[in-house]
Amino acid sequence: MPIELLVQALLNGFALALVYVLVALGLTLIFSILGIINFAHGEFYMLGGYATYFGVAVFGLHYVPTLLLAIGAVGLAGVVAERLIFRHLRGKTLNAFIVSLGLLWVLQSGAQLTFGVLDKPVPSAFSGIIRAGRVIISVERFVVVLAAVGLIAVLYGFLQWSRVGRAMRAVAQDPDGAALQGVNIEFTSMLGFAVGCALAGAAGGLLAPVFAVSPPMGALPVVKAFIIIIVGGMGSLPGAVLGGLLLGTVEGIGSLFFSSAAVNVLGFLMVIAVLLVRPRGLFGAA
Amino acid sequence: MPPSPALRRALIGYGLLAAGSLGLPLVTRDSYHVDVATTILMNLVLTMSLRLEISTGQLNMAHISFMGIGAYASTILMMRGGYSFWITLWVAGVMAAVWAVPIGGLALRVSGPYYFLITFAFSEVVRLIFNNFFAEWFGGPSGLVQIPKPDPLRLAGVQLTFVGKVELYYLMCALLLLAAAVLVRLDYSRFGLVGNAIRQGDVLAETLGVWVFRYKLTAFVLGSFMAGIAGAFFAHSHQVLHSSDFSLEPMVLLVVFTVIGGTGSVWGPVVGTVVLTIASEFMREFHYYEILVYGAVLILTMLLLPEGLISLPGKLGRLVRRGGGGEAEAMGAGVAP
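First to last, the protein sequences are chains B and P. Numbering-wise (the working numbering), the first sequence opens with residue 119 and increments by one. Numbering-wise (the working numbering), the second sequence opens with residue 8 and increments by one.
Hint data in this document are derived by calculation from the structure and do not stem from the laboratory. Warning: the hint list may mix true and false statements.
[Stated by the list, open to error] Which residues of chain P face chain B? A partial, calculated answer using Cβ under 8 Å:
hint, residue
1, Ala128
2, Glu174
3, Met309
[Claimed, not checked] Some chain B residues judged to face chain P by a derived CB distance under 10 Å, without partners named:
hint, residue
4, Lys210
5, Gln230
6, Ala271
7, Leu273
8, Thr367
9, Ile371
10, Leu374
11, Ser377
We put the CB at the ideal spot given by N, CA and C, even for glycine.
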């Protein structure tokens, strides 16, 4: 097989997978801080998409400031959701599952009623292609990749060095211990939930020009995000990045040989294979 | 010796379930009502068996896949092998149970959210296989059609047929009462007690000499067997099968019924399934807002009644008596999967 084809396939796989990593990072951050799996996470991705659509296509703003506004708006929506609902469910996985399901239905059907069922195209801010030998990537996708990598780096720095970020990691490790050290659990949880939602919103905003926006658009990325965090290990941020790269590789190379239905099975088979060897995922704590 | 209060409650509960389900056709024979009621009874087998698994602390998101395995097994055996429904029905359960051993064995290596997610991955693989592979057996994306209804049964010289809606209702009723008898008996036995112990702290249970893994696997296999039986009934009463019948969406509904009802009691899923199914029939009045309202109801119920609808009488009672009520404690606390 020509090596260019392989590189091209990997590149295509990675471009999307990196955005799904953003969704997965939000999901895993919320899980590690609040101990719940937020099934409505894809709906925050959808909100990010719609915010971008309104900024660019309706109000005619430039794409970049719109994306930043969208991230902020979805983060704010996360604050509201945490204060009204999720703070009552910290650590109650089963109840949180049902509630986030209810929220999923409320947001999705709410979006359908307000925005309509039809797909809305978002005009692309970047055109043209980049050519390296026989490998081709559109400038749009290249920007998406750059932005995703940038956001991952910012998140890493925030969690590693900022005061609140370190508080978040402390709460994830041991809420009681963190509280004893003077960490404000309520505030940290709220902020953690908001940052998680904002990451999903960023992913939605980044992919809005690539795909169109629609009320059920959050379903696919959230399933991919689940695959990524199971493979990487729940609650592990490096695991999420590695899981995303693995998924991108498997899907990119898989698409050369198999039908798209078989590629979907491949993702789940990868999950099962990894869990057979490491039941808690590659980076999961024992 | 008079029966213990727990046993008396179990017998009263079972009596109410039997009287309610057997008596319904005396009240209404309207085909829409019977349809809804048959679906409720079938879902009861699924939610009550799902609760058996949840009561050992594990939320199995692949429960519906075992229903699917049962449905396809029974259909293929009848349509290709020419076997009678009264054989394929049990083979469906056994087939689901046989698949449950390796799948459960693998999944139960992890617990909590990991278990939840790995069983979800399994259910997607099973669904994608039904949908995309072995199309000559499973019918591919178009599914299987023209599945025959259950064969007539000769019982003590009487010929029973299962063609009409009410006849199928009574068949499902018999299956439910059989399954419920087993599940209620288990819940009020040593098995139920140990299950409770595992849910509250499986490490502690293990140190006390409980073989937790075998215990959870037993619940998994038994639950899957029942799901397989429900699947066979589903296949031959609907007469059409499609992979989407066993997807995330109906699975999620089963979990909603079970948890909203309350997983602390064997009767929780019964309350949840009946109340939510009837409520959602009424919510059709809201037309476009149906899903929105349904979602809001779920959120509010879980925030106000974390232990499910089954805890409502106990809560009200405590509110009235103020400070009394050791009774409600017996219902058990909320569960983490």
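The hints, checked one at a time:
| no. | hint | result |
| --- | --- | --- |
| 1 | Ala128 | holds, 4 Å |
| 2 | Glu174 | violated, 36 Å |
| 3 | Met309 | holds, 5 Å |
| 4 | Lys210 | holds, 6 Å |
| 5 | Gln230 | holds, 8 Å |
| 6 | Ala271 | violated, 27 Å |
| 7 | Leu273 | violated, 21 Å |
| 8 | Thr367 | violated, 18 Å |
| 9 | Ile371 | violated, 19 Å |
| 10 | Leu374 | violated, 18 Å |
| 11 | Ser377 | holds, 8 Å |
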